[in-house]
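Visitor: As given, the protein sequences belong to chains A and B, one line each in that order.
Under this note's numbering, the first residue of the first sequence is numbered 1, with each subsequent residue one higher.
Under this note's numbering, the first residue of the second sequence is numbered 1001, with each subsequent residue one higher.
Derived, one-sided and incomplete: chain A residues facing chain B with beta-carbon distance under 8 Å:
1) 37
2) 38
3) 44
4) 61
5) 62
6) 77
Covered, in the sense of this in silico footprint (three residues per stretch, anywhere, with C-beta under 8 Å from a C-beta of chain B), are these stretches of chain A:
7) 2–9
8) 27–36
9) 83–96
10) 118–129
With beta-carbon atoms standing in for the labels, derived distance ranges:
11) B:1054 with A:11: 35 to 45 Å
12) B:1128 with A:121: 28 to 38 Å
13) B:1022 with A:49: 36 to 46 Å
14) A:127 with B:1062: 21 to 31 Å
15) B:1054 with A:36: 14 to 24 Å
It should be emphasised that the hints constitute simulated quantities derived from the structure, not laboratory data.
Since the structure is predicted, the reported quantities are computational estimates derived from the model, not experimental observations.
Glycine residues also receive a C-beta, built at the ideal position from the N, C-alpha and C atoms.
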Amino acid sequence: MLRPLVISFREGIAYRAKGNLLWLLHRISGLGIVVFLGFHIFGMSMAAFNPALHERALELYKTPPFAVGELILAFLLIFHAVNGTRIAILELRPQLWEKHEVATRLSLIITAALALPTLGIMAYKSISHFLGH
Amino acid sequence: MTTTTLTQGRTVRTIQPLQGKARFERAMWLFMRYSGLALVFLALSHFWVQHLLIGTHAITTAQTVVFWGAQGQPITLGNVLFRLYYAVMLVLAVGHGINGVRQVAYDYFGHRPAIYKGLMAVVTTIAALISLGGLVALALGAQASSEVAMR
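Assemble the whole structure, with the sequences as input and the hints as a guide.
Guide: Below is the structure:
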């Protein structure tokens, strides 16, 4: 049952075209975000139905493992947003197709430019929080 | 469907009427692109407000009450705007997410309809229940219990 997944993952890594790795990362980031989204909407809903559970969810997000998970989420979200923008613009504007290599490079630069400060500030906030308490 | 063919450097568009599944797939294809573009602004602004401006370690139930407004208390224009912002983001994000999962599931399990359909039935049911809960929560507002308010 999982064979197609394993083959796809192995081929995705083995076939080292730039667009293919981005395609793979877009999938993985999308699936990662959607799983988090489910827990997040559930946890936030509890603010209306069960404030104690909502509070516990918020406290859970403040523990070290979740601080690391939060950094991973930040990267996946920013990558998925920027890479998705590239895909949407290129597919909705076929006249830009010949510039796809520039678009790929640009989206990687923008991802780095947004992700580095975001992850840096978040890591700084978490580390100072854990050291300060 | 609008098919685009390149003829001698010129773009020629031919219109073919679509029906049933193909029509749905085109709608989904467009939805993924436009909802994605909207979510870039909605989700990133949300993420940056919560994680950079406020910071994860400063997020409390009191914060949620400030944004949503509390049940049984008058709600402000700000609360209404925040609830609309969250509701639009929720619907677009869940729709975008389910369709993404559907595409991935079809790629790997499309040749085995029982697994594909079963998987999507489970995913769609869970997503529908969670989204409904989220939308009802936004409609009601947060519960400001006294012990939480005291912190």
